[in-house]
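Undergrad: Starting from the known structure of chain S, arrange chain R with the ligands on it as the hints suggest.
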Amino acid sequence: MTITETLSKNRGELEVKLRNLLAKPVFLIEMDAFALPCGCKGATINTRGLQYDDLEIFEDHIVKYLKDTSENLEIEPSFLFARLVPGTAEIASLNSRVLCNRCYMDFARGSGKKPRPDIYILNFIRRE
Amino acid sequence: MKLYAPHVGHLEGLEELLNGSKDIYGIYMAGTPDYVGTGRTNLSAPGLEDIAEQTEYAHEKGVKMEIVLNSSCMGGIHLTPEGYNRISWYFKQLNNIGIDSITVAEPYFVEMLAKEYDMEVVVSVLSFVDSPQKAEFYEELGADTIVIDPAVNRDFDKLEAIRDTVSTGLKLLVNEGCLYQCPFRYAHFNFFSHANGPGPKLSVLDDYYYYKCLSLRISDPQQLIKSPWIRPEDLKEYKHITDIFKIGGRTHFPNWILNNVQAYANESYDGNLMDLLDCPKDLKDLFYIPNKELDGAISQWKQCTKVCNKCGYCNRLAEKIIKVYSTEGCENVLKPLKENGGK
Ligand SMILES: [Zn+2]
Ligand SMILES: [Zn+2]
Numbered sequence: 001m002t003i004t005e006t007l008s009k010n011r012g013e014l015e016v017k018l019r020n021l022l023a024k025p026v027f028l029i030e031m032d033a034f035a036l037p038c039g040c041k042g043a044t045i046n047t048r049g050l051q052y053d054d055l056e057i058f059e060d061h062i063v064k065y066l067k068d069t070s071e072n073l074e075i076e077p078s079f080l081f082a083r084l085v086p087g088t089a090e091i092a093s094l095n096s097r098v099l100c101n102r103c104y105m106d107f108a109r110g111s112g113k114k115p116r117p118d119i120y121i122l123n124f125i126r127r128e
Numbered sequence: 129m130k131l132y133a134p135h136v137g138h139l140e141g142l143e144e145l146l147n148g149s150k151d152i153y154g155i156y157m158a159g160t161p162d163y164v165g166t167g168r169t170n171l172s173a174p175g176l177e178d179i180a181e182q183t184e185y186a187h188e189k190g191v192k193m194e195i196v197l198n199s200s201c202m203g204g205i206h207l208t209p210e211g212y213n214r215i216s217w218y219f220k221q222l223n224n225i226g227i228d229s230i231t232v233a234e235p236y237f238v239e240m241l242a243k244e245y246d247m248e249v250v251v252s253v254l255s256f257v258d259s260p261q262k263a264e265f266y267e268e269l270g271a272d273t274i275v276i277d278p279a280v281n282r283d284f285d286k287l288e289a290i291r292d293t294v295s296t297g298l299k300l301l302v303n304e305g306c307l308y309q310c311p312f313r314y315a316h317f318n319f320f321s322h323a324n325g326p327g328p329k330l331s332v333l334d335d336y337y338y339y340k341c342l343s344l345r346i347s348d349p350q351q352l353i354k355s356p357w358i359r360p361e362d363l364k365e366y367k368h369i370t371d372i373f374k375i376g377g378r379t380h381f382p383n384w385i386l387n388n389v390q391a392y393a394n395e396s397y398d399g400n401l402m403d404l405l406d407c408p409k410d411l412k413d414l415f416y417i418p419n420k421e422l423d424g425a426i427s428q429w430k431q432c433t434k435v436c437n438k439c440g441y442c443n444r445l446a447e448k449i450i451k452v453y454s455t456e457g458c459e460n461v462l463k464p465l466k467e468n469g470g471k
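Residue numbers (the working numbering), protein chains in the order written: chain S, 1 to 128; chain R, 129 to 471.
Okay, chain R solo, but in the shape it has when bound:
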């Protein structure tokens, strides 16, 4: 199994990760947002020297280094002469440093990288590859590896069709807790891409999508179950698709990342599933989802047609197992969802 772990982007953090676990196959991190931004928040923006130093360190440890430049919206600047020149200069520097792979979401970059450099070209989860047709397009553009859109993580017909259609590597993001069929994905990632990209910098009131995302789960906690995460225990169900798995969470501390690496490497986690999920990290102090009680749910999801109002399985499961942290005096206690307003 090849596990890719996230990393915030400074050497000390990388040392902690790679000394903390032998199970990491590859590390991925953002670069500086001055050229191509990323579709997610970053805590640091390593410059070229930092990337070179960390790549060397990773290589000494026998670990691959991947740089993520997965802006989902460039506002067209990559198609201007100045933009093109700046970006291709940056790609060349990364290539010279000797990074192993580069993850992009913009199809133009897939083609550009495949033609001109010898880094492995990885199609980001933010390219939303959820069908064999899209996978085929990206393969023809020059992709070496495709990270499949987690929206189809529980749709085995699609996963198998993608596997049968392309000969690229396939990677699965295991711990994204985004809403299933989230209507905010495009808008939210585009917003991040501008907020964390080459400017002009926005001064925004609030991250609307984030508030909304949390609100939807708080008023309807079954959404937490429907999210297409893959439990550590269920990795075995995916091994006929691929053996490359990616853990999301570039804004987390090394401890959190190591906890995830250990869970997925051992294919087992006895605790709150919320500890492992990247996306709604605010909610891990609100909901407790005993991971072990999800044993067997995958067999339902494997044959589920995803028409929730007919099926109702996730709703029943949510009511049965989700607990809510509540305060009594100064004590934190766990209460069943029902007592705290579950539907």
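Just chain S, same shape as in the assembly:
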């Protein structure tokens, strides 16, 4: 399968899983694989209709789905996070990111699930 076919298949599968879990037509408007100049790489899934409440109630399920999706895309699911619209119930995207050393340090220094008002950490595996 080409990278775009893989993305397309996983976008659809994740959307179906989230809809079944949350019982509403959550919409994954775009799934992108990316590589940043700093060295970070990963995938971003822009969401519409997914809300903070959904995360709070179904975090374990959502983390598992996101891990699976990440692995299907051959992205190590060591850093998973949701991007929030700060101060609101809205979730803008779900993300799986392999951090470069510099960005890793930025996150490793902090603690807690919300290092920035728009970031909610779902999974962060600390390095040895």
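Please keep in mind that the hints were generated in silico from the structure rather than gathered at the bench. Just so you know, these numbers come straight off a predicted model, no measurement behind them. Each hint can be trusted.
Quick list of simulated restraints, FRET-style, between CB atoms:
no.: 1; chain 1: R; residue 1: K220; chain 2: S; residue 2: F58; range: 58 to 66 Å
no.: 2; chain 1: S; residue 1: D68; chain 2: R; residue 2: N383; range: 37 to 45 Å
no.: 3; chain 1: S; residue 1: E5; chain 2: R; residue 2: Q309; range: 40 to 48 Å
no.: 4; chain 1: S; residue 1: T6; chain 2: R; residue 2: L462; range: 18 to 26 Å
no.: 5; chain 1: S; residue 1: E76; chain 2: R; residue 2: N437; range: 46 to 54 Å
no.: 6; chain 1: S; residue 1: E59; chain 2: R; residue 2: E467; range: 18 to 26 Å
Ideal Cβ placement from N, Cα and C applies to all residues, glycine included.
TA: Below, chain R with the ligands alone, put in the same frame as chain S:
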């Protein structure tokens, strides 16, 4: 019937539109946001020379040109001497170019334009004229035409009362998909007016209102039915109010606009109603609303008192006809709302 079509603001786009359809009576587009912004997003900001060139082209084709400067919040700069001078200089240039009409939302501009220039003054949908009283105020300020707030598009008593009260032209926006009684309208348009106005430019995190607007529909799809759009088939129900209709959608491609023009000119569309709606364009790949299955719904809306928890008609209709795009393998399939979490 007089159909006004949106346009992003460059000559090639205008050529495509006017060569693509003979049914366009007038074109409207934004100007540059350096003087007065607009209450919606723009894809381009034509300067005075571009406006002059496009106005000439439209006129050659026998089509009216309208410039939309419908900022819903000026932050008061129009009331300062510098602000006033800049804006009135800009109005004068537009007047000299020979545009036919100018749409504004700020009451001050309605009066200023009516007093000093001979362009037709159009009161924007963002002035929220939803009653005969407001219409009367604007008429007295000097308005030539009023675009009625779509919030009353399905309230025929109000529409008829407005018609009977004023002698201005009346225009109806036919394809806005905003939430019915949307609580975000004022805040959202004010935000756009600053983001797309004369600065200082904001660096915002996200458009909160937009996210919210989409979320509310995704978790409660009957909202899509309640929105006060007017189907092409239902234009005939409005002809005793006015024959001037406006299609919203300044950020869309000419093809999308032409599809709308054709649907409304023919007063018929066999497809997804979402294709025609301007506002939540992201959701047209999520929901499928077979337009033809909405036949007859207007007779319910005409006599509806808009107390949704007593009536429940839109909810039942949504459950019956809305389908959701779903993925099976790599295939896109349509499924009933119920199977995808409809309430
Ligand atoms: Zn990095
Ligand atoms: Zn809205």
